[in-house]
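Line by line, the protein sequences give chains W and A. Letter 167 of the first sequence, counting from 1, is numbered 167 in my numbering, and no numbers are missing. To convert, take the position in the second sequence, counting from 1, and add 314; that gives my numbering.
Honestly, the hints are just simulated from the structure, not real lab data. C-beta: ideal position from N, C-alpha, C; glycine also. Among the hints, erroneous ones may be present.
Stated by the list, open to error - Calculated lysine-lysine pairs in the BS3-like style (CA-CA distance at most 30 Å, straight line):
1. A:Lys410 / W:Lys143
2. A:Lys532 / W:Lys143
3. W:Lys198 / A:Lys317
4. A:Lys401 / A:Lys437
5. A:Lys530 / W:Lys143
6. A:Lys375 / W:Lys287
As the list claims (entries may be wrong) - Every beta carbon over 10 Å from chain A, so not counted as near; a handful from chain W, in silico:
7. Ala11
8. Gln62
9. Lys67
10. His69
11. Glu103
12. Asp109
13. Lys115
14. Ser153
15. Val154
16. Asn191
17. Glu196
18. Ser209
19. Gly283
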Amino acid sequence: MNKNYFEIIRAGINSTFQDLGRDNLYHIGVPFSGAMDNRNFLLANKLVGNDHNDPVIEFAYQGPHLKYHGDKINIAITGDVSFKIKKGDNLIDGECYQSFILENNDELDILSTNKSVYGYIAISGTFDLQFQWSSCSTNTKAKIGSNNGEKLSVNQKINIKEINNNFMNRKLNYINKKIENIRVIKGTNFNYFSEEGKKIFFKNEFKVSKLSDRMGMRLEGKKIENIVDTNIRSEGLIKGVIQVPADGNPIIMLSDHGTIGGYPKIGVVVSADYDRLVQLTPGSTIKFQEVDLNSAETLFKLYDLETQNLISQI
Amino acid sequence: MIKNISNLGDAALYCDFGKEVNKDINTQVIKYFKTIQKKNIAGVNNITPSYNKLIISFDLKKINFNKLKKAIDNIEIIKGDSIQNKKFEIPVCCEKEFSLDIKRLEEKLKMKEEKIYESFFEKEFFCYMTGFIAGMPFLGDLDENLRAKRLDTPRVKVPKGSIGLTEQFANIYTFESPGGWNIIGNTPLNIFDSSKENKPNLINPGDLVTFKRISKEKYQNYHE
Numbered sequence: 001m002n003k004n005y006f007e008i009i010r011a012g013i014n015s016t017f018q019d020l021g022r023d024n025l026y027h028i029g030v031p032f033s034g035a036m037d038n039r040n041f042l043l044a045n046k047l048v049g050n051d052h053n054d055p056v057i058e059f060a061y062q063g064p065h066l067k068y069h070g071d072k073i074n075i076a077i078t079g080d081v082s083f084k085i086k087k088g089d090n091l092i093d094g095e096c097y098q099s100f101i102l103e104n105n106d107e108l109d110i111l112s113t114n115k116s117v118y119g120y121i122a123i124s125g126t127f128d129l130q131f132q133w134s135s136c137s138t139n140t141k142a143k144i145g146s147n148n149g150e151k152l153s154v155n156q157k158i159n160i161k162e163i164n165n166n167f168m169n170r171k172l173n174y175i176n177k178k179i180e181n182i183r184v185i186k187g188t189n190f191n192y193f194s195e196e197g198k199k200i201f202f203k204n205e206f207k208v209s210k211l212s213d214r215m216g217m218r219l220e221g222k223k224i225e226n227i228v229d230t231n232i233r234s235e236g237l238i239k240g241v242i243q244v245p246a247d248g249n250p251i252i253m254l255s256d257h258g259t260i261g262g263y264p265k266i267g268v269v270v271s272a273d274y275d276r277l278v279q280l281t282p283g284s285t286i287k288f289q290e291v292d293l294n295s296a297e298t299l300f301k302l303y304d305l306e307t308q309n310l311i312s313q314i
Numbered sequence: 315m316i317k318n319i320s321n322l323g324d325a326a327l328y329c330d331f332g333k334e335v336n337k338d339i340n341t342q343v344i345k346y347f348k349t350i351q352k353k354n355i356a357g358v359n360n361i362t363p364s365y366n367k368l369i370i371s372f373d374l375k376k377i378n379f380n381k382l383k384k385a386i387d388n389i390e391i392i393k394g395d396s397i398q399n400k401k402f403e404i405p406v407c408c409e410k411e412f413s414l415d416i417k418r419l420e421e422k423l424k425m426k427e428e429k430i431y432e433s434f435f436e437k438e439f440f441c442y443m444t445g446f447i448a449g450m451p452f453l454g455d456l457d458e459n460l461r462a463k464r465l466d467t468p469r470v471k472v473p474k475g476s477i478g479l480t481e482q483f484a485n486i487y488t489f490e491s492p493g494g495w496n497i498i499g500n501t502p503l504n505i506f507d508s509s510k511e512n513k514p515n516l517i518n519p520g521d522l523v524t525f526k527r528i529s530k531e532k533y534q535n536y537h538e
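Produce the complete structure using the sequences and hints provided.
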C-alpha cells in the first residue's frame, strides 16, 4: 500500500521516532519524552521545510542504515554526525545541516555521532506513525508512542504517508559547541549534604558513566556525603534534576525519567544547558557551576534567541 | 495548605505542604492539583502531586517562576469540592512463584507468612499518588508491623503485576521495571492501559483499594 518507504538494513543502537513530546501526564506517571536535543530537532525539521513539531528519527551513537524506496524525497541530518549517501555505485560523504535528495534505491548510512550522543533525520514528508496523547515520541520503557513503543529494528519498514514537494536545498552554517561547565541551580535538598560534599559537587569533575540513556545520566566521582537522610519522601521529578542516592554518585534525570523519585535533589541543570548536557558521551567529564534563578532565566532567553536566529537563517 | 513555594530549577514550582504524610495533607495536595489543572494556566506543562508536595513545571518561553508563583499564591481552592473516592478490589495470587520476597519479609518483620497476608488483605488502602512508572499507584497505610525497608540491592526486573511493600506503602508494578520493593504477590489485572488515552490508569489519587487473595487456578483463568 505504501509506495514510499525506508527499508532498515541496520537499525542502529537506539533509533526512535520523536517530536516535542507529550505534556500534562506526569501525574499518571508518563514522562515528556520527545527529542533529547531540542535545538537539533527543530533545525532538522526546518531544513526540510517542515512544521516545527513534525516527527523525526532520533538516533544515538551508531544510527540506522536505510535503503529508500519510492519517489524522490528531501532529507536532512542534524547533530555532529558522520554519514554516507549511496547513489548507485557512488558513495558520498554526507554533510549535516544541509538538505539532500534521496531517490529510489538510494541508501543512507548513519555511521556514528562524533563525540556526541544524539542526531536527527528529518524528511520532507510525513512518516506513517501512531500517536499517543498527540505525540509520536517513543518511550521504549513504558511501550508508549509510535512503532508500538519499540525502537526501530532490522528488516522492518518505515512507511511514509506522503511526500511534500519541498525539494529546496537548504543549508545552515552551524557547529555544535561542546560545553565544559554545566550550570545548575541548587536543589531543594542541597542542605542534606556535608560542607565537603557541597564543595565536591561544585569544584570537582565528574565522569559520565556508561549506564546513561534517555532516562538518566549517571555520573561517577568523589562521593558526595549526605549528612541528613539518603532517602526523602517520594515526590515529583522534572528533567534536569540531579539526585544523589546513598552511594554518593549523582544521577541526572533526562527526558524519559521516572516521574517520581525518593533521592535527595542536590541541584537542577538550567534549561539553557539541557541540549548540550544530553550530548555528553560516557567517559567525558562534567563540572557543575552554580547560578541563581535570575541568571538561569537570562541564560535561557539568550539560548532560545540563538535557536530562533539559527532557524531564521535556514 | 501550601506552607512554602520555592523554585525547583528554573522551570518548576516546588509547593511544600509540610513533612507529614497522611490522608488529610494528601487530600489537600490533590485538591490543589485539581484546581490548578482546571485553571489551565498558560505555560504550565505538568502538575505532579505526591504525598505532601506538588510540583508544577512550566515552559520557560511562556511564563516564569515569579509570575506563576503569584498565580498559585492567589489561587482559591473551591471548598466542598470533595474528591470522589472510587473503590477497587484487586485480585492477588500469592503462590511461591509470585511472592518473591515473602521469606525475606518473614525474617525482616519477624512475622509468619500467614500473619503478614492476614494483615495485608484486611486493610483498605488509600491511593496517595501515581507515577514513577506509568500508572503505578502508591497505596497506604500499612499497619506498623508490616513496615519494612526496600531491598538492599534493587531488582533489575520486577515482573509486571507484582505487588510490593515498603515502609508504610504498597504499590503495583504496572509493567516490568527495575525496583526495590518487597514483592508479596501478583495481580492478573491490567492497571495501566496506554491505549485508553482518556483513562489509562485504573487507580487514581484518592481512590480506595482492597486486595483479594485468589488461587493460582483463578489467576491463570482470569479475564477482565
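Quick rundown of the hints versus the structure:
no.: 1; hint: A:Lys410 / W:Lys143; in the structure: 28 Å, holds
no.: 2; hint: A:Lys532 / W:Lys143; in the structure: 28 Å, holds
no.: 3; hint: W:Lys198 / A:Lys317; in the structure: 26 Å, holds
no.: 4; hint: A:Lys401 / A:Lys437; in the structure: 13 Å, holds
no.: 5; hint: A:Lys530 / W:Lys143; in the structure: 28 Å, holds
no.: 6; hint: A:Lys375 / W:Lys287; in the structure: 26 Å, holds
no.: 7; hint: Ala11; in the structure: 22 Å, holds
no.: 8; hint: Gln62; in the structure: 24 Å, holds
no.: 9; hint: Lys67; in the structure: 32 Å, holds
no.: 10; hint: His69; in the structure: 31 Å, holds
no.: 11; hint: Glu103; in the structure: 38 Å, holds
no.: 12; hint: Asp109; in the structure: 33 Å, holds
no.: 13; hint: Lys115; in the structure: 27 Å, holds
no.: 14; hint: Ser153; in the structure: 19 Å, holds
no.: 15; hint: Val154; in the structure: 23 Å, holds
no.: 16; hint: Asn191; in the structure: 12 Å, holds
no.: 17; hint: Glu196; in the structure: 24 Å, holds
no.: 18; hint: Ser209; in the structure: 16 Å, holds
no.: 19; hint: Gly283; in the structure: 23 Å, holds
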